[in-house]
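Just need the whole structure built from these sequences, with the hints factored in.
Okay, here's what each chain looks like letter by letter:
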Amino acid sequence: MSDTPNRQSEALLSVRSLSVEFGTGSGPFKAVKEVSFDVQPGKTLAVVGESGSGKSVTSLAIMRLTDYTGGRITGGQVLFRPNGGEAIDLVQASDTRLREIRGNDIAMIFQEPMTSLNPVFTIGNQIAETLILHQGLNGREARLRARDLLQKVRLPDADRLLDRYPHQLSGGMRQRVMIAMALACNPKLLIADEPTTALDVTIQAQILNIVRDLQQEMGTAVIFITHDMGVVAEMADDVVVMWKGEKVEQAPVRDVFASPQHPYTRALLSAVPRLGSLTGQPLPKRTPVMVMDGGVAKPVGGTHEQNTADYTKPILQVDKLTTRFDVGKTFFGRVTHRVHAVEEVSFDIYPGETLALVGESGSGKSTIGRTLQQLVEPTGGTVRFDGRDMAAMSQADRRRLRQEIQYIFQDPFASLDPRHTVGYSIAEPIIVHGLIKDSKARERRVHELLDQVGLQPQHAKRYPHEFSGGQRQRVCIARALASDPKLVIADESVSALDVSIQAQIVNLLMELQERRRLSYLFITHDMAVVEKISHRVAVMYLGQIVELGSRQAIFENPQHSYTRKLLAAVPIADPQRERAKVRIEGEIPSPVRPVGQEPAIHRMREVAPGHWVAIEADSLRGAA
Amino acid sequence: MAGFIFKRLLQAIFVILAVTLIVAFAIRLSGDPAVMLLSGGGNVTEQDLQNIRQALGLERPFHVQYLGFLEGILVGDFGKSFMGATPVSALIAQALPATLLLAFVSLLISIVLSVPLGIYAAVHRGRWPDQMIRILSLVGLSFPNFWLAIMLVLLFSIVLGILPPSGMEGPESFVMPALTMATILTATNVRLVRTSMLETLSQQYIMVARSKGLRDRVVLYKHALRNSAIPLVTYIGLQFGSLIGGIVIVERVFNWPGMGTLAFDAISNRDYPVLQGTITVLALFIILINLLVDIAYGLIDPRIRTE
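The listed protein sequences correspond, in order, to chains A and B. Read left to right, the first sequence gives residues 1 to 624 (our numbering). Read left to right, the second sequence gives residues 1001 to 1307 (our numbering).
Quick caveat, the hints were computed from the structure, so don't treat them as lab data. Hints are not guaranteed to be accurate.
Think about it this way: if two alpha-carbon atoms lie no more than 30 Å apart in a straight line, the pair counts; the simulated BS3-like pairs of lysine-lysine are [said to hold, decoys possible]:
{"hint": "1", "chain 1": "A", "residue 1": "K298", "chain 2": "A", "residue 2": "K33"}
{"hint": "2", "chain 1": "A", "residue 1": "K329", "chain 2": "B", "residue 2": "K1007"}
{"hint": "3", "chain 1": "B", "residue 1": "K1222", "chain 2": "A", "residue 2": "K152"}
{"hint": "4", "chain 1": "A", "residue 1": "K244", "chain 2": "A", "residue 2": "K30"}
Written out as C-alpha cells, the structure reads:
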C-alpha cells in the first residue's frame, strides 16, 4: 500500500483524511470525505471522477483555495515537502506562508482558458506578476523571463505576445499562456484542473504534449484532475478514482485499466467510448452500460446492431449549402469581413440513418444544423426535405417542416424554461403545431413520451431544476420527439454529460431510432461517440466537408490528412497503447475573410463507393 | 476613435437642439416677464408693458426668438439678463465653477467611500459587515436631500456652530453641501460596487490570481476592481445628470452661488435668456461627461478599445 511510512517520507505531497464541507441552506454538504493520497516528486497523479465527485474541490483544497469559495476544511492534513525535508501542513499553515507557496512551489492551471486570464492586463504583465512577487525580479528581468516562458510553451512570436491582451488569443494559446504562468517559478507541484476539457481535440493533444515535455524537463510533479479516461491513460502514472466525495480506488494507471477493483471504476470504464472499439464492424452497435445501483454496478441494456438505415430514397438532401455572416463594417456600414461558416456543403441523410458531422470549432458544423432548423438563413444552395425544396416552400409549409425536423441542444440546463414544468415544455411543440387538441389526450402523450425516454409520467409536474443533467437531456429528447419528427438534429447533445450518463443517452437515442425510424444529424467533436452511433460520417474543416463516407471507411481507412490528424489527436483510454508518434502542430485558421477573398472550394474524389475525399491543397497537407 | 467622437458630436448637436427648444418653449408658457419686471411699480399701463416687451424683443414670433438664441450660441453670446442687463455668459462664468466644484467634490467623496465599502461588502457577502453596509445604504437612500441638508444645518451651524450655514467661502463651506449630495450618491454606488464586485469575484481569473499567491489587497484592487469599473463608470456618467438636478435644491438650501441658484432665480423671474443659457450649458456638460465615460471604457477595458 502507498501509506507505508517509507513511501510517505518520499512523497512530495501527502493528503491525509482530507474532508471539505460547504454550508448550504439545508445544512453542511460534505463535498470531500476523508480522502488520502500521495504525490511522488516528478510523477503524475490523475484524479478522476464525474461531476459531483469532489475532485475539483480536492484540487482547490490542497492550496486552501476553498477558503474563497465558501468551503471549509473540516479535517485532515495536507503535508507538503517542498525541499524533501520538514513537511508543512498546508491546512494549518499561516496565510503568509501559504501565499509564499502558492504560485511558487505549487501552481495551478484551471479548466476554462477563456476566463482564466484577466482581460484587462497584458499577457506579459500577468506572467511577470508572479516572477516579481516570488523571485524578486525587477520589471525588465521579469519581462525577459516571461518571453522565455512563452517560447517554452511553443508560442510563436513571443515578443509581440507579451503586449497582447487575452481576448486577442485563441483558447489554445491562452491555455499555453496559463501553463507558462503556472510554471514561471519552477514549481515542485502543478495542479491541473481539467486543463484541456474546453479545447478542441487537436489543441488538446498539443497542450498535453507540452505539459508532458515540460514536466520531464523541469521534474515537476503533476496532479491531473479530469473526467476523461483517455487523458488519464495518456498522462498518468497513478490514478485516484473519486465517487461522491470519496476515494474509491487508487492504483498505478495500468492496473486501474487492466483490473479495476471498485464497482464504480468498472462502471466508469465500461461507459468510456473507446476509439477503435468497433473496428471491423460495418454497423453501429448498442452495448450494455454498467450503471451504479446502490453501490453495485449493474449492466443495463443489451447488445444490438443498429441496422436501421434505409438507403432507397433520402429524407434530406443538402446541395451546395452556403451560409455566411457579415461581420466588420466600415463607418458607412459597408461590409468588410464575412464569416464563411459553411461553403458549398452537400450531403444526404436517409431514413433511419445517423449521419455524424464532425469537426472542431469554426468548422461550420453547428451552422449547418441551425440552417436546417431554419434558425439561420442560408446564403446559397438548396435543401430538400422529402423531395421538396425548402426555399420554395410557403410559410405554412416551412412551419410544418419545423415539426418534422427537431433539434436537441448541447446544454440541457439552458434549453429548458426554468419557470415551466417539464410537462409543459414537452407539450409545447404539440400545442404550437396543433397536433393534439384534446388536453387529456395531450397529457397522455406527454406521459408516453416521458416513459419512452426512461423517465416517469409523474415527472411531468416537476420543474427543470429538480432534475440532474442527464435527466434534463432526456426531457429535451422527449420534447424533440413530441411533434413526431422524421429528422432530429443533435448538436453536441451528449458532450456536456458525464460519460456514464452519456453512454445511456447514446443508447437511448439509438433505441429511439430503431423504434421510430428516426434520422439523426449528429453534430459533435467527439470521435469516439461518433464511432459508436453513426452510420456515415462527414468530416468538416473550415466550412467544408473534407471527407465523407461510411463510418467504417472513415475510421479504418481515413484518407484526408485532416481526418487522420483528428483521429490521431483523440486520447485513447488504454495505457498499454503506444502514444501516437505524429506531433500535431498549428492552430485552426479563422473562417473570417475580407470581402472579395472567397475560399477555394475543394473538389471531391470518390476513392471507394460512397467514400468521398477532398483533393488537398498543399497548404493543408503541410499543416498536418 | 475619431469617427466615434465625430458621431458623438453629431448626436450632441441634436440633443442641444431638443433641450433648448423645449426649454425656450416651456418657459414662455409660464408667464409674461414684462409683468414681472413692472410688478410693484404702481400704475402700469398696457403701453408700458408693450414698451418693455419691445425692448426685450418678446413681441417677435417664437421661431424668430429661438433662432436668434441659437445664432447667439454659435458665437458664445447667450444674450443679456432681463434683470439688470448683465450678459448671461458673465453670470454663467461666475456660477459654473461653483457648481462644478461642488459636483466633483461630492462625486469624489462618494467614490472614495463607496469603492472600499462596496468591495468590503462583496468580500463579506451575507455576513454582518455586508448586512450593515446594505442597511446603511438603504437608510442613506431614504433621506430626501433637502431634509438632510436642513438637518445638517441645524446640527452643525445652529447647535454646534462649527460650520457656516450658507454661502461659498473657504473649504469648510463645502462640507455640508457636499456631504448632502454625497450621501445619496454613496448609497447607490455602494450597492453598485458590491453587485459588480460579486460578479467579478466569481470569475476564474480571480481564483487564478489567488493561486499565484497574491495578497488579498492586490487581488481585489488590482485584478478585480478594474474589471468591475465599467458598470460603475457608466453609472457615474448617468448619475451626473441627476446630480445636477439634485444640486439645484441643495444650492438653494445652502445659498450656494452656482448654476442651480441661477436657474432657480431665472425661473422665478421669467428671465428667459438666463434660463436658456444655464440649461444649455448644463446639457453640454452632461453630454461632455458621457463622452468622457465612453472614452474611459476604452481605457479601462482593452476589449472595447480594439473593437
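Here's how the hints hold up against the structure:
Among the hinted pairs, K298 of chain A with K33 of chain A is consistent with the structure: their alpha-carbon atoms are about 25 Å apart, no more than 30 Å. Between K329 of chain A and K1007 of chain B the CA atoms are separated by roughly 15 Å; this keeps the pair inside 30 Å, and the hint holds. Note on K1222 of chain B and K152 of chain A: the hinted pairing holds, with a Cα-Cα distance of about 28 Å set against a maximum of 30 Å. A C-alpha spacing of about 9 Å is found between K244 of chain A and K30 of chain A, which places the hinted pair at or below 30 Å, so the restraint holds.
The structure is consistent with each of the numbered hints, conforming to all of them.
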